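Engineer: Respectively, the protein sequence lines represent chains U and D. Each step along the first sequence adds one to the number in this note's numbering, with nothing skipped, and position 82 is 82. Each step along the second sequence adds one to the number in this note's numbering, with nothing skipped, and position 220 is 220.
Please note that the accuracy of each hint is not assured.
The following label-pair restraints were derived from C-beta to C-beta distances [what the hints assert, rightly or not]:
1. D/E214 to U/I126: 47 to 53 angstroms
2. D/S56 to U/L193: 37 to 43 angstroms
3. D/S56 to U/E133: 34 to 40 angstroms
4. D/G232 to U/L308: 44 to 50 angstroms
5. U/F195 to D/S217: 42 to 48 angstroms
6. U/P194 to D/D167: 35 to 41 angstroms
Residues of chain U placed beyond 12 angstroms of chain D at every Cβ, according to the derived structure [what the hints assert, rightly or not]:
7. L23
8. A130
9. W142
10. G148
11. D149
12. V153
13. I184
14. L193
15. T216
16. L307
17. T315
Keep in mind that the hints were calculated from the coordinates and are not lab data. Fair warning: this is a prediction, and the values are worked out from it, not measured in the lab. Glycine included, each C-beta is placed from N, C-alpha and C at the ideal position.
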Amino acid sequence: MSEIVVSQGSSRRIPWLSIGFYLAIVALGFAVPQTLVSARIVHLCVLICIYGLLVYGLGFLYEAAGQLSVAHGALWGIGAYTTALLTLNAGWTFWICLPTAMVTAALFAGLLGYPSLRVKGHYFLIVTFAFAEILQTINTNWRGFTNGDTGLVIAVAPPPLGPISLQSRADWLVFSFALLVLGIGVLAILRRLPFGRRLSAIRENETLARAAGVNTVRDKVLAFMISGAYAGAAGACWAYYQHYVNPHQFDSHSGIELILMLLIGGIKTTLGPIVGVIVAICLPDLFGFSAAQNEIALGVAFIAIILLMPEGIVTFAQKLIHRLRLINVREL
Amino acid sequence: MSLLQLTNLTKRFRGIAAVDGLELSVKENEILAIVGPNGSGKTTLFNLISGFLKPSAGEIIFDGAQIGGERPDRLVRRGIARTFQQAMSFPQLTVYENVAIPMYASERSSSTDIDRILSKCGLQGVSRHQASTLPYGKQRKLGIAIALATRPRLLLLDEPGAGLGDDAATELSALIRDLRDEGRTVLLIDHEMPFVLPIADRVVVMESGRKLFEGTSDDLVADPRVIEVYLGHDFA
Chain U
1 MSEIVVSQGS SRRIPWLSIG FYLAIVALGF AVPQTLVSAR IVHLCVLICI
51 YGLLVYGLGF LYEAAGQLSV AHGALWGIGA YTTALLTLNA GWTFWICLPT
101 AMVTAALFAG LLGYPSLRVK GHYFLIVTFA FAEILQTINT NWRGFTNGDT
151 GLVIAVAPPP LGPISLQSRA DWLVFSFALL VLGIGVLAIL RRLPFGRRLS
201 AIRENETLAR AAGVNTVRDK VLAFMISGAY AGAAGACWAY YQHYVNPHQF
251 DSHSGIELIL MLLIGGIKTT LGPIVGVIVA ICLPDLFGFS AAQNEIALGV
301 AFIAIILLMP EGIVTFAQKL IHRLRLINVR EL
Chain D
1 MSLLQLTNLT KRFRGIAAVD GLELSVKENE ILAIVGPNGS GKTTLFNLIS
51 GFLKPSAGEI IFDGAQIGGE RPDRLVRRGI ARTFQQAMSF PQLTVYENVA
101 IPMYASERSS STDIDRILSK CGLQGVSRHQ ASTLPYGKQR KLGIAIALAT
151 RPRLLLLDEP GAGLGDDAAT ELSALIRDLR DEGRTVLLID HEMPFVLPIA
201 DRVVVMESGR KLFEGTSDDL VADPRVIEVY LGHDFA
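Take these sequences, add in the hints, and give me the full structure.
Structural biologist: This is the structure we're talking about:
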């Protein structure tokens, strides 16, 4: 029934540009580990995939609630700490920690979202900022549990799961890339389900959505939980890939960085998040920036993009292509 | 038989009563118009019945159940739908997708109704258009179409005729009568007396949150209190 509605009501064209981009990325993602590229490039690609999961999750929350959350860095930390603590204290393997981290981060997102999604705009941003700060304070000061500033070291690699082995960086790239593709695919499916349609209604006009029978609080909290699960998955991968977690990796500052990545790429497009992540991860490496220089560069890039292309790089590129096409048509 | 019964319904904002001890009974399958000057509490009354506001006191009984303070989405499932004073839509979605939203929200609705609703509201020719591109009159009809897609028993129309030209207002009057003839109950607010009086089975006049008058259109235009407070002597 739903499919009939979509096909009759939609006037969207097939997004060939996006499809082509994704196919190229998929081909590249699986090809890179097989080639003789440097370990540094493989490492950057793994980081792009992990951050990609985070930023796509964050973008999904924006789609649902029209809200940006600073707490996403903290939810990422919940996934990472859940994984580290369960591995070190209970001897759980990565394969059990991964879904557990997703569920834990989703539950925290639900607990945060239920009261906070009732407020909007700056208020929501402040609530999520406070959540991130509280969590960092707990992680820093509850030394008996989290080891405080020293952090936790995971010295083991995940055991093989059937044909999946995560012993090398190249293995991690294939796995994290597959996880990112799966994550993007799941979000694409969710958007086409009744739940996704309701979210689009909430984003467009929440008052009317309520009058049309949409339980807006439930759907927004559910979207926040899904977004949190993505952060949890990224956290689990981070903990095992980096072998180390500490509170400062997941503070409110990291949450703001994720927002910047989303805004730089473009908040309204499917390609935007990954483009934002690639810019934020690769450019500093390309120029050999230190951590402090990196922060400055990200800030400068953000200001430049807000001034020159306020809807992000991808929307700017789409408009540019559209304009060039119009010029070509006129010349013909 | 009474579908909606309001008993001593009161809504106060910081001590000021926007709706003040209102008693009202809406019969099944009738068009009841609520008129009154600005600030008389009409839209607050709609917000109370549709769950967008919680009553300070009193009861709202719908189909035998007390519904005061229930959430809007629950009231939609009970069969109460509303439109808004401003023409509202989901602007970036197509007209078809707009009308489909209640279907995604509630098991009460089905996709088979959508074409029929679009046709009834005169929107079938623009079903693939983005809602924000519609002219004003069609945007108002789209609001009604979205409400109808929830399959309501009680339809609350907030100033449906506002800003419409003569032809569009005539079409809208015919549509509201059709809805009543289909068995729906319509509660409508409007300032345009030439629009309201011919279609309303009964009219209630509100003033300062209270009921000033209740009766037929013919009785209304002859009532000296209504003429004094609302219509003015020129109207009579």
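Engineer: Sort out which numbered hints this structure fails and list those numbers smallest first.
Structural biologist: 4, 14, 15
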